[in-house]
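Peer 1: Sequence:
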Amino acid sequence: MADYLVIVESPAKAKTIGKYLGKKYIVKASMGHVRDLPKSQMGVDVEKGFEPRYITIRGKGPVLKELKSAAKKVKRIYLAADPDREGEAIAWHLAHSLNIDENSECRVVFNEITKQAIKDAFKNPRSINMDLVDAQQARRILDRLVGYNISPLLWKKVKKGLSAGRVQSVAVKMIIEREKEIKAFVPEEYWSIQAQFSLENEPFEARFYGVDGQKQELASEEDVNNVLARLQSDQFQVTSVKKKERKRNPVTPFTTSSLQQEAARKLNFRAKKTMMIAQQLYEGIDLGKKEGTVGLITYMRTDSTRISETAQAEAKEYITATYGEEYSRKEKRVVKKDKKAQDAHEAIRPTSVWKDPKAVKSYLSRDQFRLYKLIWERMVASEMAPAIMDTMTVDIEQNNVQFRATGSKVKFAGFMKVYIEGNDDGKKEEDRLLPNLQEGQSVKKLEIEPNQHFTQPPPRYTEARLVKTMEELGIGRPSTYAPTLDTIQKRGYVALEDRRFVPTELGEIVLEMIVEFFPEILDVEFTAKMENDLDSIEEGKQRWISIIDEFYQGFEKRLSHAEEEMKEVEIKDEPAGEDCEKCGHEMVYKMGRFGKFMACSNFPECRNTKAIVKEIGVKCPTCKEGNVVERKSKKRRVFYGCDRYPECDFISWDKPIARPCPKCGKMLVEKKTKNGVHVECSACDYKEEAN
3 MADYLVIVES
13 PAKAKTIGKY
23 LGKKYIVKAS
33 MGHVRDLPKS
43 QMGVDVEKGF
53 EPRYITIRGK
63 GPVLKELKSA
73 AKKVKRIYLA
83 ADPDREGEAI
93 AWHLAHSLNI
103 DENSECRVVF
113 NEITKQAIKD
123 AFKNPRSINM
133 DLVDAQQARR
143 ILDRLVGYNI
153 SPLLWKKVKK
163 GLSAGRVQSV
173 AVKMIIEREK
183 EIKAFVPEEY
193 WSIQAQFSLE
203 NEPFEARFYG
213 VDGQKQELAS
223 EEDVNNVLAR
233 LQSDQFQVTS
243 VKKKERKRNP
253 VTPFTTSSLQ
263 QEAARKLNFR
273 AKKTMMIAQQ
283 LYEGIDLGKK
293 EGTVGLITYM
303 RTDSTRISET
313 AQAEAKEYIT
323 ATYGEEYSRK
333 EKRVVKKDKK
343 AQDAHEAIRP
353 TSVWKDPKAV
363 KSYLSRDQFR
373 LYKLIWERMV
383 ASEMAPAIMD
393 TMTVDIEQNN
403 VQFRATGSKV
413 KFAGFMKVYI
423 EGNDDGKKEE
433 DRLLPNLQEG
443 QSVKKLEIEP
453 NQHFTQPPPR
463 YTEARLVKTM
473 EELGIGRPST
483 YAPTLDTIQK
493 RGYVALEDRR
503 FVPTELGEIV
513 LEMIVEFFPE
523 ILDVEFTAKM
533 ENDLDSIEEG
543 KQRWISIIDE
553 FYQGFEKRLS
563 HAEEEMKEVE
573 IKDEPAGEDC
583 EKCGHEMVYK
593 MGRFGKFMAC
603 SNFPECRNTK
613 AIVKEIGVKC
623 PTCKEGNVVE
633 RKSKKRRVFY
643 GCDRYPECDF
653 ISWDKPIARP
663 CPKCGKMLVE
673 KKTKNGVHVE
683 CSACDYKEEA
693 N
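Residues in the sequence shown are numbered from 3 upward in steps of one, following this note's numbering.
One thing to keep in mind: the hints can contain errors.
Unchecked claim - Below are the SDA-like pairs computed for lysine to any residue, each with C-alpha atoms no more than 20 Å apart in a straight line:
#1 Lys125 - Thr312
#2 Lys531 - Asp488
#3 Lys50 - Gly556
No lab work stands behind these hints: they were computed from the structure.
Required output: the full structure, derived from the provided sequences and hints.
Peer 2: Here is the structure:
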């Protein structure tokens, strides 16, 4: 019979840990939390010091019964949930449910699921850390007080089924404010002059820099013409050549935020998907009979960029053996701790760099492999030598009109041999080579091309950009980013269009009401301060009750004021200008979870509904009768189809354009890639750049 019971959150984690512990241990999964605040009511007694009332989560009865049965058969129980606030709270709830003394050495924590880490953890059990539990409870109670007080108010004044959250509301506000910036943006004209020069039949590019030794901006076509009027011939002179050697340092290993951002850039992963796959890699992957189930990465909810000395030493050994001594970092990396970071765990890294992606590829799904490869490459690169770049800046003049050419070349790849960080515009870095130019040389002008431009509005938030901004502002923590983005979409306050957040009309209505009556909920500084207060509870510097009491005193007054003063908002149905094809009654526009849709005014007798479609000015290439319209799938992804569906089944994920392919006559489409948008044929190999 086993002597010990170990309780973790998931079956995958239980399987991995069980392999390392041996026959004396039974390892079971609680499947997450077993107790929580009730869903049907507040569950927080404000009069009794915000005392929470926990109940067994519906459906968890059989799990708890199994754990209690197993607990009776062993000498000792260990609680091995994840090493963060949520994991500590899970352990605390389990201790209460199984009558385990929370002050006993029942808690086991580890940052990676490897044999050595597990053995070390079980040699050093500790009691449950109530500061961590209190920090989790404080967040849960705060969110309950906000959500369960404001939501019923919104049901009464606006529409049933609405809800409001603390961090989520700030995220929605950021998206709406960005949309207002975009709509209010007034483009400004500016110009550039691109030149092609040649030195002994070796062409290179340069850009207009300035006149009479001064840098000059080109605001209009007149400015351009004034510059061009000064150019008299095709011969220009090289007046300055500056060569430098520049060192480029590797980026740090991943935090939760930077992993979500880079996975979005390079793998097109949503934040939720990134965290789901990272969880699988952390909990364990079966690597065959020889190794069994092994955790491939360290804990993936972290805001730290540091890695252990053991991991650094292993990386150095791997880099030296694989790439050579010159590729290994000579100086120890100095980790600058962000003031906002908790730094409770290491950065996200592979549990062993010797498990390189190629070696484990056959055991991973495609997405698991791609994410593991990203994490592995980033960590290995962080311990490699800097790259060395040869840079060259050349000034070329005629009649005091100056053009400037810049070039760069990788002299020593260093970390870039393994990994280069992505960027938000998706452009790849490439060598920009210049001829071996010398001061005083004459170069020939091949072409000078003026280009008109207009300033662009700030871009809408992608998931990655929103996470980055939230992190910079101190809103939320590593464990909250993905759930926050998921929640604001599920509530219908924002939608994703072309992978960018767009506020819905419903989101704007709700936000306007919260801004008026609960401004502190939407204040970025207030929300960031609240996150810092939660951190101070975790560190044992403040009591959770005092933090919540301070918040609730002002919130309660605003709540009373809102109940009296908030006016009801009637979202009226608007005539859609067409009749229902099923019963003949008028169709109307209604407000739904994802914005407006068409429905029959004879509801509930007739339940006919239709999506609002947008014509794009293109005839259907299949039936030649219908028009192509923009539609949205169940997952809110935009696609294009014929408005005669189901009679015509034409469908395209790429946007058709209103001219045929000049090569084969078939349909041309706009194709979106990481490097921008181009036009290509849907049937042949014809391709062109989009205007």
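Peer 1: Next step is simple, just say for each hint if it's right about the structure.
Peer 2: Here is how each hint holds up against the structure:
| no. | hint | result |
| --- | --- | --- |
| 1 | Lys125 - Thr312 | 19 Å, holds |
| 2 | Lys531 - Asp488 | 23 Å, violated |
| 3 | Lys50 - Gly556 | 18 Å, holds |
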